[in-house]
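Turn these sequences into a full structure, and let the hints steer you where they fit.
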Amino acid sequence: MDFTVGVLLVTFILSVLALFVFIASMSKGLFGGGGAAAVQIFDANELGAVEDPAATQAQRSNLQQAMDPDSSADQQSRQEVITRLRVDQSSSLVVGVCLTLSVIWLVLASLAGLIASFKLHLPDWWVAQEWVTFGRIRPIHLNLVAYGWCSMAGIGVALWLIPRLLKTELVGARYALLGGALWTGGVIAGTIAIATGHSDGLEWLEYPWQADIPMVIGGALVGFPLWLTLLRRKVKHLYVSVWYIGAALLWFPILFLIANWPDLHFGVQQATMNWWYGHNVLGLWFTPLGLAAAYYFIPKVLGKPIYSYNLSLLGFWSLAFFYSQVGGHHLIGGPVPSWLITISIVQSVMMVVPVAAVAINQHLTVLGNFRALLYSPTLRFIVLGAMMYTAASVQGSLQALRVVNDVTHFTHYTVAHAHLGLYGFFTMVMFGSMYFIMPRVMKWEWPFPWMISLHFWLVVGGFAIYFIALSFGGWYQGLAMLDKDVPFMQSVALTLPYLEARSVGGTLMTLGHLVFAAHFVMMGWKFGPKRLGAALLASPRSGTRKPGPMPAGSTP
Amino acid sequence: MSFGVGKFEMDELRIIVGTMVILSGATALLVVIPYLLLKDEPPPPGLKPYTALQLQGRQVYIANGCVYCHSQQPRDIAQAPDATRGWGRAPVSADYAYDTPHLLGTMRTGPDLLNIGARQPSADWQLGHLYQPRAYTPGSIMPAYPYLFEVRDGAALPGEKVVNLPPQWAKPGQVVVARPEALALVDYLLSLDRTYPALKPLPVAEPSAAAVTPKEGS
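Chains R and Z supply the protein sequences, listed in that same order. Heads up: the first sequence is residues 1 to 556, going by the numbering used here. Heads up: the second sequence is residues 1001 to 1218, going by the numbering used here.
None of these hints come from the bench; they were simulated from the model. Fair warning: there could be bad hints in the mix.
To be verified - Reference excerpt, derived from the structure (chain Z facing chain R, CB under 7 Å, subset only):
#1 Ile1015
#2 Thr1019
#3 Ser1024
#4 Ala1026
#5 Leu1029
#6 Ile1062
#7 Cys1066
#8 Arg1075
#9 Ile1077
#10 Ala1078
#11 Tyr1096
#12 Thr1100
#13 Pro1101
#14 Leu1104
#15 Pro1143
#16 Pro1146
As the list claims (entries may be wrong) - For lysine to aspartate or glutamate, the following EDC-like pairs were computed, each having C-alpha atoms within a straight-line distance of at most 16 Å:
#17 R/Lys484 - Z/Asp1011
#18 Z/Lys1048 - Z/Asp1099
#19 Z/Lys1161 - Z/Glu1150
#20 Z/Lys1039 - R/Asp43
#21 R/Lys236 - Z/Asp1153
#22 R/Lys236 - Z/Asp1076
#23 R/Lys167 - R/Glu80
#24 R/Lys234 - Z/Asp1011
#25 R/Lys236 - R/Asp43
#26 R/Lys234 - Z/Glu1012
Every value quoted in this text rests on a predicted model; they were computed, and no experiment measured them. Each residue gets a CB set at the ideal place from its N, CA and C atoms; glycine is no exception.
Below, the structure is given as C-alpha cells:
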C-alpha cells in the first residue's frame, strides 16, 4: 500500500512539475527561435510559394492562387534550387527502395486483413489449410501492416525528410540500405514463422526472436544516416520534424529489443510488458514518424509556416512523457497491480496535452485554406490524416476511462479504434507523403491524376464504412456482454451485420491500395504522358523550365 | 538547465538524453517494477504445473491464434457478469505462475477460457467442437479446424481417438480421427481450471485474526 501510494505520488508530482515547467518556459518564450525556426524549412525567398510535386500544372497554379496569388516568392536563387536538387537526389535510391518495399507489404497486408475479415463471418470458408486459419492470418495482417507497410513507409519518408530538413546531402545511405534489407528479411522470416505456427504468442510481438535480431540491427542501422547527416548539417536550428524522427529512430530498437528478449518475461509481468510495448510502438514509433511528416508537408505545401512553433516543443515532450506510460489501460480489470492501471489511465487522459498542441498547430495552419485541399493531392491525404490523429487520440483518452473501457474492451470497438490511428492517421499521412516524394525520387510525375483521386475516394469511403460499422457493432457487443440477462451467443450474433459491413469497407480499401500500387508501378516504369514541370523543382508559377538533370558543377 | 540564461535550443544531445530518460521512466514503471514485484511470487497451492502434453497443447493454442478471440481473464463481478456466465472468479497474478507466454487476450469474440476445463470437462465435446463448432453451438463464428483431424473411409485403427459427432454432422461410412495436435490441445483446455480459492489461507499463528475470521477449509 505504501509502495502504491509512493509510486502514484511520484508520478503525479513529476507530471504536474513537468507541466508547470513547460507553461513557465512557454510564457517566457524560451523555446527555440519561435517564428524564425518555423520558416527554417523554406529557402530564403520561398515563403508564400506552394509546393506539391503530385499536383498537375493546373492544380498547382490553382493552389498558388488559393494560397497567395500576389506572392513574389518564385525567386528561389539558382544556388538554392541546385542545393535542393542535390539534397533530394542524395536520398533517392534508399527512399525509392524503402517505399517500393512498403507498397508491396501494403498490398499483401491488405489481402491478409481482408481474408481475416471475411473469415469472421464465414467461419467455414477456407479452413483446410492451417496457414490461413483466422488465428494465423490475423496476426500476419497485423505484423505486415506494422512492420512491413507502416515501418517501411515511415522509414522511407523519414530518410527523405532528413536531408531536406537539414539542407544537407544524406550521408551514409548505404547503412540504411543494409538496415532496410535486414529489416525486410526479418519481416519475411517472421511472417513465415506465424504462418507455420511458430508465433511467440504475444500480440504485436509474434515474430520469434530469430526474426527479431535482424529487425533490431536493421532498425538501428536505418538511424545511422540521420546521425551522420546531423554531424554535417548546414542549418543551425533543428526543425520539429527532426526531433520526432530522431526520437523515433532511437526509441524503436530499444523497445523492440527489450520486448523480444527471450526467457526474460513471465506471466502477468509479461502482460504489462506486452502492453508497454504494444502502446509504445504506436506512440513512440509510428506516431512520431507520422507527425514528423505532417509537420513538414502541411506548411511546405501551403508555403506558410506552422501556426505556433513554440507549441510544437510542448507537444513533443509531453507526447514522449505521457504516451510512454499509457500501456496499462489495456489491462483494466485484469490481474495486474492497480496502481499501474491507474497511472496509465491518468496518463492516457493527459495525452490531451500533446494532442491539443499538435491539433492547434496543424489545424490552425490549414484553417482558412481549405480550398488548397481541392488542388493538392498531398495535402488532401495529410490533412485528413492529421484530423484522424486528433480524433483517434481523443477517442483513445476516452476509451481509457474505466466507465467506457468496461464496455469497449474485449470488443471490435477497439479494433476500429486501432484502425483509426494506424490507418486513418498514419497510413493517410504516408500516402500523402509518398505522393509528394515519389516524383522527386523518380524524376517522373504521377502518370494519371485520376488514379490519385480514385485511390483517395476508395480508401476514404471504404474506411468510413469500416470504422463506423465496427465502432457501432463493437459498442453493442460490449453492452450485450455486460448484461447478465443476455446470453453470450447473442453478443456474437448481433455483430454479424457489422462484421459484414467491415468486409465491404475493407474490400474498398484494398481496391484503393491496388489502384495506388498499380499507379506506383506505372510511375516506376515511367508510363503515362510526360508533362513538364510538376516533377521538377521549377518555380511554382512559371513551371515551364526545361526538365533534365542539373549539371553538378554548373553555376548561375 | 539554462532557463532564463541562454536560449533553449533543441540539439542532438537534448533529444538523445531527453528521450532516453523518458523511456527509462516508462520502462521502470511498466516493466521493471512489475518484474521485481512478481518475480518471487509463489504459485497458489491449488494450481498444478502443466504436464508435457498440456504444454504441447498450449503451443497448439498459440500456433493457431486462439488468443485473438478468447481471453483468459474473467472480470470481477463488480465490472462484468463473467462469474454469472460461469467463467469463474476474477484471477490474481499468481494464477498465471506457469503461464509463459501469457495468454490474457484482448478480445472476446468467443467466451473467456480461463476455466473452460471446469466448465466443459468433456474431451469428446471439446474434440467435436474443434472439428465443427456449429455442430455444438449454433451460430458460432469460430473457425472449424479440419486440419487437426483426419477423415477416413472405414474404421479407425486401434489406439486412435475417434471423434463422436452429433448424428446429423457425421458422414456414414467415414470416421473422424483426432490428430496428436488436437489431443494435446484438448488436454490443455481441460487443464484450464482456476476454481480453487484465490486468497491465501489466513496464518494460523495469529490468534486475533483467527478469532475474527474462522479459518475456512480450502
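Enumerate the violated hints, using their earlier numbering and listing them in ascending order. Checked against the structure, the hints that fail are numbers 3, 9, 10, 17, 20, 21 and 22, while the rest are satisfied.
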